[in-house]
Amino acid sequence: MPVPELFEFFVDPGRCIGCQSCIQACAECDTHKGQSMIQLDYVDRSRSTQTLPVLCMHCDSPTCAEVCPADAIKRTGDGVVQTARKPRCIACNNCVLACPFGVPKMNTRLNLMMKCDMCYDRTSVGLKPMCASVCPSQALAFGTRAEMTKLRPRAKPVNTFQFGMQTIRTKVNVMVPLDAPREVVDVTAAMFEPTIGHDVLDDVFESGGEG
Amino acid sequence: MSDPTAHNGSLGPPSVPPNGAPATEQPRWRRDFPIDSDEDDYVSRRDLVKYIVLTSGAFAVGQLWLVSQKLFGRRSTPPPTLPVASVSELAVGGAKTFNYPQGSTPRLLVRLGPRAFVAYDQQCTHLQCPVIPVVEQGKLHCPCHNGWFDLRSGAPIAGPPQRRLPRVLLEVRNQTVYATGIEDGAG
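Protein chains in written order, with my numbering: chain E, 84 to 294; chain C, 5 to 191.
Where hints are given, some of them may not hold.
[Unchecked claim] What follows is a list of derived Cβ distance ranges for each label pair:
1. E:R171 to C:T28: 21 to 29 Å
2. C:P17 to E:A263: 21 to 29 Å
3. E:Q133 to C:P17: 28 to 36 Å
4. C:Q30 to E:M274: 25 to 33 Å
Derived from the structure by calculation, the hints contain no laboratory data. Glycine is no exception: its CB is placed at the ideal position from the N, C-alpha and C atoms.
Using the sequences and the hints, build the whole thing.
Below is the structure:
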């Protein structure tokens with residue numbers, strides 16, 4: 084059964100309180116064997132408490148599947164990009180490096196790329212994904228578009244993203260302020276910047292000792 | 005995968021390739037390695053079962069056709085009589101190859117006694133190596149896999165061959181040996 088078209092996923096990073104409920108709930112999902120497939124990114128940990136949940140955006144033209152040399156990543160008819168097929172995945176990490184959102188993760192123990200599949204066992208029967216069902220501030224929300232417009236009149240859903248010359252349309256929406264300009268990520272300028280999680284600012288203990 | 009017709013009801017738009025061109029203008033490999041899983045499952049269980057049943061059915065029909073050819077097929081007309089050698093040409097124990105009918109595989113004529121001639125197909129019935137007459141032992145030898153045939157009947161004696169050599173029927177008239185027909189070894 085496909086995921087009903089009526090229901091859409093809305094991510095609102097501005098509402099995230101960093102409680103990690105989604106991470107715990109995600110690991111409960113039956114489609115990925117007790118592994119959490121959602122990440123909580125700290126934007127600038129030394130200066131801000133702002134966090135944002137990162138889950139698969141389910142692109143219309145998934146870059147992970149485009150770069151897969153083993154034809155292992157498939158998108159189901161309802162637009163959900165699934166975890167790599169175990170008999171095909173060769174654990175080459177191409178998808179991990181290529182995804183502009185940094186979603187796919189390599190499970191080296193299983194030699195398998197694993198990613199968020201929008202809790203396919205739940206959403207395909209009309210239930211909410213695990214993360215959206217537990218999120219206390221509804222930064223992760225799963226519902227109809229009309230419902231979302233009514234509840235959040237000052238935000239608009241965005242599902243088109245520009246990474247350099249690549250335009251990406253996604254199934255998952257990000258809520259931004261109504262007057263927010265269109266973001267363009269300059270991928271070549273960011274090429275030599277350290278990635279999130281390896282930033283020196285993350286090392287709060289060392290900078291605290293000096294100060 | 006469930007019933008594909010049930011799936012089509014709520015099937016969303018297909019995945020769009022990065023260059024945005026329609027599916028007909030995409031390179032061939034995109035059709036072979038589609039991103040949408042609905043296009044990927046092109047060999048269904050039903051297709052496989054259908055293929056297996058039809059293929060084995062074709063084999064069974066082929067076997068029946070072969071049997072009916074053997075039982076009811078028209079007998080081929082015997083080839084015309086052909087002079088092979090003169091009696092004086094071969095000494096007792098001598099051998100000669102000839103073609104009968106014209107253009108056939110080589111046949112082997114052996115003179116066993118003053119009035120006794122035999123002729124066989126020269127191809128071993130195992131893997132078509134030429135056989136060599138060993139007249140003093142009364143046998144034909146195939147050196148490829150050490151196969152042995154009886155010189156008087158053409159029946160296999162030892163080694164891998166299982167079927168007798170096709171025999172050429174002979175007739176001696178006016179000091180000339182004529183080939184008059186072929187007796188198939190399988191019969």
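To see whether the hints hold, each was checked on the structure:
Remark: the range hint 21 to 29 Å for R171 of chain E to T28 of chain C is upheld by a beta-carbon distance near 27 Å. Roughly 26 Å separates the CB atoms of P17 of chain C and A263 of chain E, a value that falls within the hinted 21 to 29 Å. For Q133 of chain E paired with P17 of chain C, a C-beta distance near 35 Å keeps the hint of 28 to 36 Å intact. For the pair Q30 of chain C and M274 of chain E, the supplied restraint of 25 to 33 Å holds, since their beta-carbon distance comes to about 29 Å.
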